[in-house]
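Given these sequences and hints, build the entire structure.
For the sequence shown, our numbering gives the first residue as 2, with consecutive numbering after it.
It should be emphasised that the hints constitute simulated quantities derived from the structure, not laboratory data. Remember, predicted model here, so these are calculated numbers, not experimental data. C-beta: ideal position from N, C-alpha, C; glycine also. Certain hints may be false.
In the DSSO-like style, the derived pairs of lysine-lysine whose C-alpha atoms are separated by at most 30 Å in a straight line are [as the list claims (entries may be wrong)]: (1) Lys66 x Lys47; (2) Lys47 x Lys21; (3) Lys47 x Lys106; (4) Lys66 x Lys106; (5) Lys21 x Lys66.
Per label pair, the in silico range of CB-to-CB distance [unchecked claim]: (6) Ala51 x Ala171: 24 to 32 Å; (7) Ala187 x Arg138: 55 to 63 Å; (8) Leu83 x Asp182: 34 to 42 Å; (9) Glu55 x Val192: 52 to 60 Å; (10) Leu83 x Tyr60: 27 to 35 Å; (11) Pro174 x Lys66: 27 to 35 Å; (12) Asp25 x Ala188: 50 to 58 Å; (13) Ser44 x Ala79: 19 to 27 Å; (14) Ala79 x Ala51: 18 to 26 Å; (15) Leu214 x Ala171: 21 to 29 Å.
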Amino acid sequence: MLSQPRSQRREQRPAARRPKLSRDRLAAAALALIDRDGLEACSTRKLGAALGVEAMAIYHHFPSKERLLDAVAERLLAEIALPPPDGDWIGWLRGAAHAYRAIAKRHPNAFVLLAMRRFATPSLFALLETYFGMLRRAGFDPATTARIFRTIGYFTNGAGLADVATQAAADDPQRRTPLDDFRDAAALPHVAAVAPHLRQEALDGIFFFGLELLLADFARLPKAAPPATRRRKPRKSHP
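See the structure below:
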């Protein structure tokens, strides 16, 4: 019996199967890419290379890079451990604010997505529903609910971005500013006195101080009056 030539006897090894692409897998990989290399490094070409696929394969799941970044923002907010919605509304706001700021510490390169993008997905709107529902049940009317939400958002986003910038300066000496190590008390005595209290180690205390001021003011806001119940007139009895 004739044997086959060696070239024809090569074993055909099955190709290694890559994990199937999905929206969740793409969003997770995009977040990992941003965490490692920065937001500007997140492109469909680089993401495809990281996953071993062509960039065009990503567009089967996301029609544009903007929708992909929406999914990354959605993934970030999914990490927020919100307090139970059946507790005190002040305590709930406090816990939600601290949990939101924690995203800036865990994902400094990606936090700007939360600070700069509008809510655009169903799960993000569900988060808004939870937030607004807590304030409405506390007795606030829709306009006051919006004002509280925006005010907390302005504060927590600003604090998160300050955390990111301060951490970047601590990690990269080229990003440091004269304020980071200001000592010229003779020229600017007030700046020299206050500067140490603006450094990274002071940020937790500053955040707590500002948040508690806001919450104390919110607690003094008037609540919506309960809806009036109309008294029914007794029916006249006919002889």
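Hints, one by one, checked against the model:
1. Lys66 x Lys47: 12 Å, holds
2. Lys47 x Lys21: Roughly 18 Å between the alpha carbons, so the hint for Lys47 and Lys21 holds.
3. Lys47 x Lys106: 25 Å, holds
4. Lys66 x Lys106: 24 Å, holds
5. Lys21 x Lys66: 20 Å, holds
6. Ala51 x Ala171: 24 to 32 Å: 28 Å, holds
7. Ala187 x Arg138: 55 to 63 Å: 56 Å, holds
8. Leu83 x Asp182: 34 to 42 Å: At 38 Å between Cβs, range holds.
9. Glu55 x Val192: 52 to 60 Å: 54 Å, holds
10. Leu83 x Tyr60: 27 to 35 Å: 33 Å, holds
11. Pro174 x Lys66: 27 to 35 Å: Holds, since Pro174 and Lys66 (Cβ atoms, about 33 Å apart) stay within the stated range.
12. Asp25 x Ala188: 50 to 58 Å: 55 Å, holds
13. Ser44 x Ala79: 19 to 27 Å: 23 Å, holds
14. Ala79 x Ala51: 18 to 26 Å: 21 Å, holds
15. Leu214 x Ala171: 21 to 29 Å: 27 Å, holds
The structure shown violates none of the earlier numbered hints.
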